[in-house]
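Asker: Make the full structure from the sequences, and use the hints.
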Amino acid sequence: MGGIGVLITRTQPGAERTAATLRGLGYTALISPVLTVCSSQNPAPPLYDIQAMISTSAHGVAAIAKAPGARDLPLYCLAGASVDTARQKGFNGPLHADAQTARELGETALKTLDPDKGPVLWVRGRHFAFDMKAALMSKGFTVREWQGYEAHPASAISEEACQAIRQGAIKAVLFHSARGAKTFLTLARQCALDLGGITAIAMSAEIATGLENKGFLQVNRAIVPGEAAMIRALQSHLPLS
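With the sequence shown counted from 1, adding 93 to any position gets you this note's numbering.
Among the hints, a few may not be true.
[Claimed, not checked] Label-pair distances were calculated between CB atoms; the ranges are:
#, residue 1, residue 2, range
1, Glu252, Gln181, 45 to 53 angstroms
2, Ala227, Gln283, 32 to 40 angstroms
3, Ala249, Ser329, 29 to 37 angstroms
No lab work stands behind these hints: they were computed from the structure. Small disclaimer: the values here were computed from a predicted structure and weren't measured. Where a beta carbon is used, it is the ideal one built from N, C-alpha and C, also for glycine.
Answerer: This is the structure we're talking about:
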């Protein structure tokens, strides 16, 4: 592996897009997703009386985009990959996407929505770190929830990626989600990988916090959440000569 090797851990198909961007910049990109996302088999609920939808994941945004009428409703989502997905899927309704964490997104919803104007739909995965339903219901909102997707951890980091790490060919690992970062660390321990020569690049401060003191050479993060800012962080800390 020549050049500066970067390992991409995000789910597909986003991993391929990230790899293409990095290769276009001159980096050597290797893909080993640590999570696999499956669509829910549960049909989306009716949206006729929903005043707004909330999703903290790009996968959730993509899932609800298939529901009739969803793209015309107000959508609350996180900055970065979620809002990028919303734009790609053609959402036409009001888009609230300045929040960097799920808790901040909930606070935005509480400030801008009215509990008397109808239910709010929370689109979520099977696992979540912040209980959006509880946060909104505590303030009088009616909240419906729909599990639009499920993320399963990979059984192992790919053999190619493990070999590249052991040979010192990987200089950075990109992390797009907190659960992905946690899963990578678990799999890395199982493979007895030494991360001491690797820089972790996180998409957000929340993700970076979970990577601190975990054996990396250093942990850096995007100034603002999002793919472009994360790649700028990579370029800043590991510039190509």
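Asker: Kindly indicate which numbered hints from before are broken by the structure, ordering the numbers from low to high.
Answerer: Hint 1 contradicted; others consistent.
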